[in-house]
Amino acid sequence: MNATATIAATLLHETFEQRARLVPDKTALIVGAERFTYAEIERRVNHLAAVLQQHGVRRGDRVTTFLDNGVDAVVAMYAILKCGGVLMPVNSLAKRDSLARLMNDARPSALITHAALRAEFEPALAKCASIRVCLVAGPPPKTPSTFVRSIPYPAPGTRIPEFVDPGTAAPDLAALIYTSGTTGEPKGVMHTHASMMAACRSVLAYLPMSADDVILCALPLTFSYGLYQVLLGFQLGATVLLERSFAFPVKVLDAMVRERVTVFPGVPTMFTMLTSIGGVEERDLGSLRIITNAAAALPEERVRRLRALFPAAQVYLMYGQTECKRVTYLAPEEVDRRPASVGRGMPYQEHWLVDDAGARLPHGSTGELVIRGAHVMRGYWEKPDDTRAKLRVDPATGDAVMYTGDIFRTDAEGFLYFVARKDDIIKSRGEKVSPREVENALYEMPGVLEVAVIGVPDDVLGQAVKAFVTLKPGVQCTERDVIKYCLSKLESYMAPKHVVFVDALPKTDNGKIKKTALA
Amino acid sequence: MQDIKAKVRAYIADNFIMGGDATFADGDSFIEQHVIDSTGFLELVMFLEETFGVVVSDAEMVPENLDSLDNIDAYVRRKRAA
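Chains A and B supply the protein sequences, listed in that same order. Note that numbering that gives the first Met the number 0 has the first sequence beginning at 0, numbered continuously upward. Note that numbering that gives the first Met the number 0 has the second sequence beginning at 0, numbered continuously upward.
Treat the hints with caution; some may be incorrect.
[As the list claims (entries may be wrong)] Lysine-lysine pairs mimicking BS3-like chemistry, simulated, CA-CA at most 27 Å apart: (1) A:Lys141 to B:Lys78; (2) A:Lys513 to A:Lys496; (3) A:Lys514 to A:Lys488; (4) A:Lys471 to B:Lys78; (5) A:Lys421 to A:Lys471; (6) A:Lys483 to A:Lys426; (7) A:Lys250 to B:Lys78; (8) A:Lys483 to A:Lys431; (9) A:Lys25 to A:Lys94; (10) A:Lys94 to B:Lys78; (11) A:Lys421 to A:Lys506; (12) A:Lys506 to A:Lys496; (13) A:Lys496 to A:Lys471; (14) B:Lys4 to A:Lys250; (15) A:Lys513 to A:Lys94.
If you're looking for bench data, these hints aren't it; they were derived computationally from the structure.
Isolated chain B, as found in the complex (with noise of 0.2 Å):
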């Protein structure tokens, strides 16, 4: 299911990178490379949970579940198969 990245990474180039240039690889840190900033993490959270129907509690508003596309694909997964 390449799906989640992909549409992940179009709403990230909608709203977050404005015009610039989508250049990140899948592994990148959004933190580190600059292509999301703390407010922004907020809306990708309500993004995720409108598009794939997870619910993400405080405790996993973390970088190891949201920072990347890697990261996300694999924490929506598992949140899907529990």
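Pulled out of the complex, with its shape left as it was, chain A reads as follows (with noise of 0.2 Å):
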């Protein structure tokens, strides 16, 4: 049975509010000890929804949220909905510098934030001219704020603000979503109500998740592979178990048994940790049924890692840009055999690959994808040329569609596999490198722990391909040996010209390689 058969939303928000009423007493939300139900969390939605509107959030106001994956930014992004906001999620991890900078860019009118936080937003809030109020959950400050218009998170049991039907419609902004910046200046998202609804249509007509489903989500809900599996999970009446972090894979382990949980996303680091920590295997994680990769591919030698230590679970290896949330999956039973693919489109989109004059390439050829669907974004906030260099015109349907500015290959089957990032192809020796190629051999290397391949300028060469490694912990390795394996698994121009040893690789907030802090 189609689980969500009772549900018939148009706004995002709706999909959980209808749930809501049908499960009450359920347990939406875990959050370390504790559970909270649907009547709970929808209970808290309303009360916050009406205390911004009491503050002047308007229809279309952007809302920024700075807060830890908790109750306080699950029940956030529902209330910002209710009352016609536009959610923008900002990482807890970001410091005070770049959180001005993404509010001066977006001119939120609400800060939802928490008192452990308060070094980094209130010198942030400083600088940010549009914040009418500023909501602050956890202790009372010691000492006063420095921000006249910060008040206390609303506390259970007082009053509850009159509430005006914003009046919302399917195509107003619903959420604004900086990309993560893996590449040069960040650039806010515009995603709708129609088109994030349009995106979790898609997911769950391939991901056959249901209401009986517990997702340990240990993703940043500032990050929309995070953000929907909320989204998502509580459209279907699911329980998430929300994590704050990665960095205690153990305890995160010990949840998913104790929980019992069938749904896990993660993101290649997270697969690292695990299958390079011990004691996996020890414990009884037989009731976790699905498995799911985004982000950034995960390296062929750890998917098959990651089968043998869950051999129960199903595997879905898949791709996607914020930019249309998610674009293929690989589904599990093709994951043996072609682990190197992200797979095919997913339902309700139409993609295809094109050549460098936009014609479009037929199976077994090598070109940059573009997206046709209810799921593309409207654009970038502010930002008209980025958008129409990314949503152009497709001369077939009037459309527009949308240029992901990745390089993809496809087999007969029109299995699809990612080459690089358009802007990363590495030019050696008038050769075309791919730096995923190189970094999927180095990882088949043994005691090679992580690595980022790129491209630096060479005299000779015109570029040189410069790998940075990480080693597992006591592994001797020096630039000579890795340049060896290389010319044994690659063509020779594709070997690297250096390479450096490293401690840890730059990441971002959401645990992607950054290779732009690499050179």
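Hints in hand, dock the two standalone chains.
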């Protein structure tokens, strides 16, 4: 039976409200030792939405959340949507300057945050003129706030102001999500209620989740992959177990066993940690039936280890962009056959590859991936040039279609294989080198933990291939060893000219390797 | 031996706080107070191993051992006594 059958909603938060009416007493959220029912979350959402409205938040206003994963972040997200606002989540690891920069770009009218983050948000607020009210969860400050419009988070039992339906329409903005910045200046990705509902529909059409699932989310809710765990889970009437971070993988494993977690969405960094710590085999993780990977490709060697570690779970390898949430998935039955593929397009979208001139390419080609579907973003916030470069008119349909900027190749059956970001292709000795291909080879080298490959200027080669490598503890290895290994596995022009060993690779707040920080 | 806490506090101030105010109490959770993030704990573990000559096993990578100066102090003492 289709678990979403009883839900017929147009706006994102209505999916949750309807579910709260159907299963009020069911556990919606688990955070540490605390459990919250659907009714309890809804009560808090209604209260916060009314308070936001009372303080002047109107339809179309951006509202920034600067919160750790927790009940406050979940409540804030639905409350903002309910009062017609646009959710603008900022990762709680952000520092004052980047928080101020993002807020000055989006000009939110409210900030919802937590007392523990005061050292960062107060200096940021001093630089941001648009904020009318700042709601601070957590213990009251020991010294008065420097921001006069700070108010405490509404406490349970206090009077709920009157709430007026803001009259939100499906094409209204629902979220403004700043891209994680693996490339250049952060851009605010505009999603509407309609585009996010479309993304939910497509994902639930291939991912067999239901009301019975317990989803463990250690991804930040400020990241679309994390945010959608709650959106999808609550739409289904499932239970979401939120972890604050993946700092202590052993604790996450314990929580999986304790709560009989059935769905675990992760990113490669998490799977690297899980497959390198001991003790996984000794735990009863038999309830886990779905594992998903997104955000960055999981190297083949890790896919194999993950399959071995969780033999009962179905592994979904997925690819997407914040700009359209998700694009492709590889069905579990294909994972052992084509572990390097990100699969085929998700339901209800159309996609194809184009050459440099924009002409559609047949299966078996290499080119830029283009997407057409209702889940595509409306554009980048106040960046018309960037929007025009990304969303272009498809001559065949007249629709706006999205140029992903990612180069893929397809096999004869149309399965997609990521080649490179268009901007990341290294041109060395007149040949095109995909950093991904070199990285994949290096991940197969014994002793290698993580790698990142970039191109650096070179007088002779044009660009030279440079590899940054972290080694597993206790492993000794020289630059020459790495180059020789690559020469034995790859065409000679792909082998790195330079190899640098580092203790850790720079990561974005979402855990992706940040190549712009390497040189 | 105030030594362990003082050394760890100095290490954290030099490596994680980056010029900000290191006004966390001995019992404060590094995670809750945003003193150290998830990658930071891996670096902290390396520091503990090098400085105090202990070996931190995967199973010991838990907040009860690592997520405050008090917890680290007690953990390192236990390890050294063992």
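Hint check results:
Taken as a hint, the Lys141 of chain A and Lys78 of chain B pair is broken in the structure, with Cα atoms around 37 Å apart against an allowance of 27 Å. Taking the CA atoms of Lys513 of chain A and Lys496 of chain A, the gap is near 21 Å; set against the 27 Å cutoff, the hint holds. Straight-line distance between C-alpha atoms of Lys514 of chain A and Lys488 of chain A comes to about 23 Å, which keeps the hinted pair within the 27 Å bound. Taken as a hint, the Lys471 of chain A and Lys78 of chain B pair is honoured in the structure, with Cα atoms around 24 Å apart against an allowance of 27 Å.
With a CA separation close to 31 Å, the supplied pair Lys421 of chain A and Lys471 of chain A exceeds the 27 Å bound. Simply put, Lys483 of chain A and Lys426 of chain A have alpha-carbon atoms about 21 Å apart, close enough for the 27 Å limit, and the pair holds. A threshold of 27 Å between alpha carbons decides the hint, and for Lys250 of chain A with Lys78 of chain B the separation of about 20 Å falls inside it, so the pair holds. A C-alpha spacing of about 20 Å is found between Lys483 of chain A and Lys431 of chain A, which places the hinted pair at or below 27 Å, so the restraint holds.
At most 27 Å may separate the alpha-carbon atoms for a hinted pair to count; Lys25 of chain A and Lys94 of chain A exceed this at roughly 37 Å. Under the criterion of a C-alpha separation no larger than 27 Å, the hint pairing Lys94 of chain A with Lys78 of chain B is inconsistent with the structure, at around 35 Å. Restraint check for Lys421 of chain A and Lys506 of chain A: satisfied, since their Cα atoms lie roughly 20 Å apart, inside the 27 Å limit. Our distance criterion of 27 Å between C-alpha atoms is met by Lys506 of chain A and Lys496 of chain A, whose separation comes to about 24 Å.
A distance of roughly 22 Å separates the Cα atoms of Lys496 of chain A and Lys471 of chain A; the hinted pair therefore holds under the 27 Å criterion. Of the supplied pair hints, the one linking Lys4 of chain B and Lys250 of chain A holds, its CA atoms being roughly 24 Å apart against a limit of 27 Å. For the proposed pair Lys513 of chain A and Lys94 of chain A, the alpha carbon gap of about 17 Å is at most 27 Å, so the pair holds.
Of the numbered hints given earlier, the model fails hints 1, 5, 9, 10; all others are met.
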